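Given the sequences, and given the hints that come with them, work out the whole structure.
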Amino acid sequence: MTQADREQLSRMAAGDLGADAAAELRRRMNDEPALMEEHRRLVRLDRRLRALATTPPPPGLDAAVLMMDATLRSPDDEDLPPTAVRVPAIVARARTRPRALSTLLLWEQGARVLPWMLVLGMVLVLAARGVWTAPSAVRAGADGIVIENSTFILDDLRVDVRGRARLEPSDPAERVSGQEREMYRSHLIAFAAGAALTLVVEHGEALVTNGGAENVVSAGSSYPVPQREPSPGEGGAAPSEVEALRQENQRMSERVAALERVAAPGAGSPGAVSPIPWPELVPPGLAAAPFRQLAADAAAEVEGAELVEVDCAEFPCIAVYRTPEDRDVGDALRAVFEGELATGTSLSHMAMVDDDGSGPVVVHVLAAVPPTPDEGLRTRLRERGEAQAQALATEGPPL
Amino acid sequence: MIGTRDDEERLVRRAVEGDPLARRALVQRHGPLLWSLCRRLDPEPEDAYQECWEKVLKGLPRFRAEGAARLNTWMMTVAHNHLVDRFRRRRPTEPFDEALLPANESYGESVAGENEAALEAALLRLPPARRRVLVLHHLHGLSLEAIAASEGTPLGTIKSRLHRARAELLGLLTEGG
Chain A
92 MTQADREQLS RMAAGDLGAD AAAELRRRMN DEPALMEEHR RLVRLDRRLR
142 ALATTPPPPG LDAAVLMMDA TLRSPDDEDL PPTAVRVPAI VARARTRPRA
192 LSTLLLWEQG ARVLPWMLVL GMVLVLAARG VWTAPSAVRA GADGIVIENS
242 TFILDDLRVD VRGRARLEPS DPAERVSGQE REMYRSHLIA FAAGAALTLV
292 VEHGEALVTN GGAENVVSAG SSYPVPQREP SPGEGGAAPS EVEALRQENQ
342 RMSERVAALE RVAAPGAGSP GAVSPIPWPE LVPPGLAAAP FRQLAADAAA
392 EVEGAELVEV DCAEFPCIAV YRTPEDRDVG DALRAVFEGE LATGTSLSHM
442 AMVDDDGSGP VVVHVLAAVP PTPDEGLRTR LRERGEAQAQ ALATEGPPL
Chain B
225 MIGTRDDEER LVRRAVEGDP LARRALVQRH GPLLWSLCRR LDPEPEDAYQ
275 ECWEKVLKGL PRFRAEGAAR LNTWMMTVAH NHLVDRFRRR RPTEPFDEAL
325 LPANESYGES VAGENEAALE AALLRLPPAR RRVLVLHHLH GLSLEAIAAS
375 EGTPLGTIKS RLHRARAELL GLLTEGG
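These protein sequences, in sequence, are chains A and B. The numbers in the numbering used here rise by one with no breaks, and the one at position 221 of the first sequence is 312. The numbers in the numbering used here rise by one with no breaks, and the one at position 74 of the second sequence is 298.
Just so you know, these hints were derived from the structure itself, not from any lab. Note that this is a predicted model, so its numbers are computed, not measured. Check before you lean on any hint, since a few could be wrong.
The following residues of chain A were derived to be distant from chain B, with all beta-carbon distances above 10 Å [to be verified]:
1. Gln94
2. Asp137
3. Gln481
Far from chain B, some chain A residues (derived; all Cβ distances over 12 Å) [as the list claims (entries may be wrong)]:
4. Thr93
5. Leu100
6. Asp122
7. Leu157
8. Val307
What the simulated footprint calls covered on chain B by chain A, stretch by stretch (three residues with Cβ under 8 Å from a Cβ of chain A suffice, anywhere in the stretch; the number is not a length) [claimed, not checked]:
9. 241-253
10. 294-303
11. 363-377
Ideal Cβ placement from N, Cα and C applies to all residues, glycine included.
Okay, structure coming up:
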């Protein structure tokens, strides 16, 4: 049974097959029991698809939506950056994820600390609201995590502070540390791994919600945050696990630093990358012939898209289109490619605007790429795309 | 559980006015619908779900309540648009996520009985654009015309995707068995 046969059966079942083709297919079905059986399977498949369950979202997700909604509608927060309102979203997501997610990241955006960290599949939210109006509302200090007039959330623990409070490890031995940031992270990892913390309110008061219980802690008092109970199946964290997480944290920090360097202004001009030869074994989805066909089909299908070239001289093929300055045309091109790409491949799409004298012209460069293209491949694609755009600009307007 | 048309209209009106209870009721009533789309069409369904709700709740004042079915369709269209946006925004390096396949699910074994889990797993193996058409049309009854409009893609292409998706799905289930 071929894919083409199945597609024909599907078209016939939907009434999308011409009368002659349908008659021919029915004749074949009578002669070929396998084809008839496939038709029955298709009908059963449609029924099974309609019967697939519509399940409620994971617990906590709707609550996160409502929190986000409330934040968005709050008149005080109209100028909040989008990240701020995504905080509860991240909380909910992390709670639905397995503990195996062991990433610890500290993101900084200018002087502001983005209000979340992932810790062992849980989330630390630093001053979900206050950090944006008072960036220093939650910060790491040598004496712990200082919270001022803001909210701190870590897994089941929520601390709303009106005034100033400090969250520190209950064990004095754990408070001894060198660099502040390292200590800061260590505390969080320790807490995530099950260590106890103590909240000390310096002035004002704090409302501590932990495991559903609420406690008001007034100035001059402290509140012991109990050791976190491992959730079912989670198990305790061994020192080796904490150490492994520290190392993971270090690796992630280095990765973040590398990404920041790449993202920094002026960092996007790496040296030229050599042409990439075709590999000996090319996955079917990246082969030249089907890509050429896809490129031609897309040009035929999308009005206004002129296929200038399909360059398969090196890996991977790229298709170059010239289109009017109309975003819809680019979107349509992209949609056609996305729809036809083989499983296990992804799409690279660049668009460059040029004015060739006859008005703005957009050059689209599309390529099917491996699932995880490396930096070299991406850079080379960019170079090829820019070269094509440059060549088109030099050529001038089409005749 | 969807209420009557009047009930739905009142609910939408109250939600537009900012009544938190009405907004909560909307989320609870229609959450399964949006979740069904997000978990099947987006590699990060929790994020997608919340963003879809953000779009839906923000766009609610523009919805003209004419009944429960219309609200469902409108929500699906809003969610669909957003999921397509997310898909297009994703970096080109982001591959189809094989990790989405249900954990501990031996694909080859489970398709022998062609059970629901196997069908879900096979669905996730379809390329995203085809999967979108199949899920929206077959699971949720959105018309092909509406899908074509949301995707900004000709109807013929959408039909091709649908037929190709059904054929591929059948093939995947056959291979697995």
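Hints, verified against the model:
A beta-carbon of chain B comes within 10 Å of the beta-carbon of glutamine 94(A); the shortest separation is about 5 Å. The beta carbon of aspartate 137(A) is not kept farther than 10 Å from every beta carbon of chain B, the shortest such distance being approximately 6 Å. For glutamine 481(A), the requirement that its beta carbon stay farther than 10 Å from each beta carbon of chain B is met, with the minimum near 21 Å. A Cβ of chain B approaches the Cβ of threonine 93(A) within 12 Å, the least distance being about 9 Å, so the stated non-interface status is violated.
Distance check on leucine 100(A): its Cβ comes as close as 8 Å (rounded) to a Cβ of chain B, failing to clear the 12 Å threshold; non-interface status is violated. Its beta-carbon lying about 20 Å from the closest one in chain B, aspartate 122(A) satisfies the requirement of being farther than 12 Å from that chain. With a closest Cβ-Cβ approach of about 6 Å to chain B, leucine 157(A) is found to fall inside the 12 Å limit, against its non-interface label. No Cβ of chain B approaches the Cβ of valine 307(A) within 12 Å, the least distance being about 25 Å, so the stated non-interface status holds.
A count of 6 residues in the region 241-253 of chain B with a Cβ less than 8 Å from any Cβ of chain A is obtained; the coverage claim is therefore met, three being the minimum. Counting residues of the region 294-303 of chain B whose CB lies closer than 8 Å to any CB of chain A gives 0, so the stated coverage by that chain is violated, three being the minimum. Three residues within the 8 Å Cβ limit are the bar, and the region 363-377 of chain B against chain A gives 4, so the coverage statement holds.
In summary, the structure is inconsistent with hints 1, 2, 4, 5, 7 and 10 from the numbered list given earlier, while agreeing with the others.
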